[in-house]
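Visitor: Protein chains in written order, with my numbering: chain H, 2 to 314; chain V, 225 to 756.
Derived from the structure by calculation, the hints contain no laboratory data. Mixed in with the good hints there might be a few duds.
Claimed, not checked - Dumping the calculated SDA-like pairs for lysine to any residue here, alpha-carbon to alpha-carbon at most 20 Å:
(1) V/Lys477 x H/Val143
(2) V/Lys342 x V/Ser403
(3) V/Lys475 x H/Asp302
(4) V/Lys477 x H/Leu163
As the list claims (entries may be wrong) - To give an idea of the interface, some chain H residues facing chain V are shown, with a C-beta separation under 7 Å as derived from the structure:
(5) Pro32
(6) Gly41
(7) Val46
(8) His55
(9) Leu58
(10) Asn85
(11) Gln166
(12) Pro265
(13) Glu273
(14) Ile275
Unchecked claim - Quick list of the computed label-pair ranges, beta carbon to beta carbon:
(15) V/Gln642 x H/Leu175: 57 to 63 Å
(16) V/Ala421 x H/Ala11: 40 to 46 Å
(17) H/Lys89 x V/Lys643: 37 to 43 Å
(18) H/Leu4 x V/Arg398: 56 to 62 Å
(19) V/Lys586 x H/Leu276: 39 to 45 Å
(20) V/Glu494 x H/Trp176: 32 to 38 Å
The structure presented is a predicted model; accordingly, all values stated were derived computationally and were not measured. Heads up, the beta-carbon is just placed ideally off N, CA and C, and yes, glycines get one too.
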Amino acid sequence: MLLIILKRLAATVPVLLVVAVVIFSVLRLTPGDPAAIVAGDGATVQQIEEIRRHMGLDQPIPVQFFKWIGDVLQGDFGTSLISNLPVKDMILDRMGPTIAITLYTVLYTVIISIPVGIISAWRRGKAVDKVVTAGSVLGFSVPVFITAYVLIFIFSMALGWLPVQGYRPLSEGLWPHIKHLILPVASLGTIYIALVTRFVRSSIIDTLGEDYIRTARAKGLNERSVLIHHALGNAAVPILTIIGITITMLIGGVVVTESVFNIPGLGRLVVEAILAKDFTIIQALIVLFSVVDIVINLIIDILYKVFDPRIDS
Amino acid sequence: MYKTLKVSSLVGSLLVALPLTMGAAGAARAETVVTAVMQAPLRSLDPVITTAYVIRNYGYMIYDTLLSVDANGEIKPQMLEKWEVSADGKTYTFTLRDGLKWHDGKPVTADDCIASIKRWAKQDKMGQVMETLTTSMDKVNDKTFSMTFSAPTNIVLRALSKPSSLAAFIMPERVAKTSPSEPITESIGSGPFKFVASEYKPGVQAVFVKNQDYVPRNEPPSGMAGGRVVKVDKVRWVSMPDAMTGINALKNKEIDFIEQAPYDLLPILEQDKDIQLIVAKSQGGQPIMRLNHLIPPFDNKLIRKAAMAAIDQKAIMQADIGNPKYYSTCGALFGCDSTYASTAGSEDLIKAEPEKSKALLKEGKYDGTPVVIMHPTDFANAGGSFVPVIAQQLRQGGFKVDVQAMDWQTVVTRRASQKPVAEGGWNIFTTYLSLADITDPLSNYTVAANGKGAWFGWPTSPEIEKLRQQFATSADAAELKRLATEVQKLAMDEVAVVPLGEFSVVAAARKSLKGILNAPVPVFWNIEKTKD
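Pulled out of the complex, with its shape left as it was, chain H reads as follows (with noise of 0.2 Å):
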């Protein structure tokens, strides 16, 4: 295991090595110029020429592009374009929310979605699937947005338990914490839930079709064991690879969420590098989701083994 591990891993470089040039050669072809958003609305084209100086973007681009691999490679991703602060720390800093709402969204989406899932399966046609089946079309077909702005009407406008923005560390308190995600996980969980939901629905629906469910039941053992140990477990892996999938696209949901309920996390800081053409932060970042994005199917693969031995390495 540790050896495919190690493969796996050492299959990553070329990877990030394609992600690293691909970004660092689009950002500089497409159009926008951080000198001149840095510069101002007032400034001249001298003095922008200056600050692009400055800012060592006058280099030709190999001649950049090999320097900030080198540092990336020394554990330095440069300094910000615009506020000038490392690139890391900025980062850092940003991570804890991404990270919290993520885990959070995941925590929730499989506590709700798995047991849903199962009982929608096994009561397949009856009223609770249809429910389900409904709420589920309406989880995924409502923008996340809509959803947001709904629960900040109940729960902050029109009853006042919950705040309608802003993140709060853990350091300040569990119940500051959870109080200013409550509403933020709510509306991001909400469209993962309902796709988890069906894909469980249906896995389950596939397993209860074979052979040794039907021989399971037929040696006498109750439908929660049948479910729970017989269904769950054969159907575990394709529910893996949509929670997989699940993570690596709140990645790129967490956008609108952060935004919406004004949470500093690396969604926003992602889409204020891009606007401000903030070169060393996008890159990074990017480098930084490509990692995330391999490790989490890496782990992915390694769970398909240990839920079905059967599985070729």
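Put chain V on the given structure of chain H with help from the hints.
Guide: Quick look at chain V alone, frame taken from chain H:
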């Protein structure tokens, strides 16, 4: 096996995640904290390198200025005890008042002032004019310095007191010695607030605490002048990427102040008895249309005049602002209510005259090549909301128009191109200027007409430049007014810039905030916070 793995992986995830979600604990909360949403997030900290308004506003929090302008437009001392002018009108001697200290406790000296003025003058357009007239700048003693000019002028007073970008903030000498193209790395000023660097998160929040050592002037506040008395312990600027969230947060008492409330959401706030709306005309702006004078067809004056004749300000302002309570039509380049307000030469501007436009196009031999308008779809006030209206007016005036949608940052980059359209150039872009930036022919950089050295659009008019030079060296109020009116006339005749009207900024605050000043720049001194 699975259970063990599942439990251990969950615990592992939490162990990794929890420390990362635990940010630094905030410092002990001050007694009165004003939480404000500014018009843009603060992302850099050098008010001399950039003209961005939020950084100017940051400058007023932590730095001080030698002079300032009061509500009547009169120049008043701020850091200065006094200034004296020599009999020949060429030498100004400035004396600092007692008690001025940097935030690190060291005294403010004449050397700091000289270094700050030198760095600022390299960047600021009015400062650059002042620099060409300056023959020497000398320290007399620790509290006194002098500036001598090649001709009698009061440009130094006008330049050092102007409220907006770039305001002449005074910094410690070691900081001010940084090259003007390189951002400064320290946030130490002598102003009424201190910047809390440890709580600064670019794009998220900036925190300022009351500078206990600041000695305000005794005069009552008026415009940007008078005593800058801080009445709260802490001011927190937070960014709010979603406008509706900002409005909800204000109603829900989570924030106290929104610098620029969106016009379309004002009806929601108007109904809330706990919220006050502050219509700040002096913080308002002038949307403008800029033509590229270097390339066809707008290298032809007749075709520029045709474009101006096609414009109807009211329709544009209606699209931009929507509520006539908050906008006006006006052709005054230096602001409709300013000292140098004049509408000379703007007769064609207020109402569209498509037939006149067509006649001018015919006379100018317009060949029907489409004019490219850059449309910043992500920035409403800079044209996102009104470029389609301009395009339609130009079409009705006989132009062929190619509206190209793009983000604002692309406009900012592309407008610097002096090349033909086919090689990435442009014909028209729009933006807006703060009224505080356009009060006279020197600070309003859109009327500079020194060709490729001028602002994007690059108009050329030696007559305008001569008048601007005379404006720089004159000190007589009546003569200054005459010169400004002449510049207005010529700039309109050359169509150096097309003003599209004026709008007011509407700030929203909870009624628990008292003493908000109606100054040209949003300032936080004089504000008190009472129980909500």
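Visitor: Out of the numbered hints, which ones does the structure contradict?
Guide: 1, 3, 9 and 14
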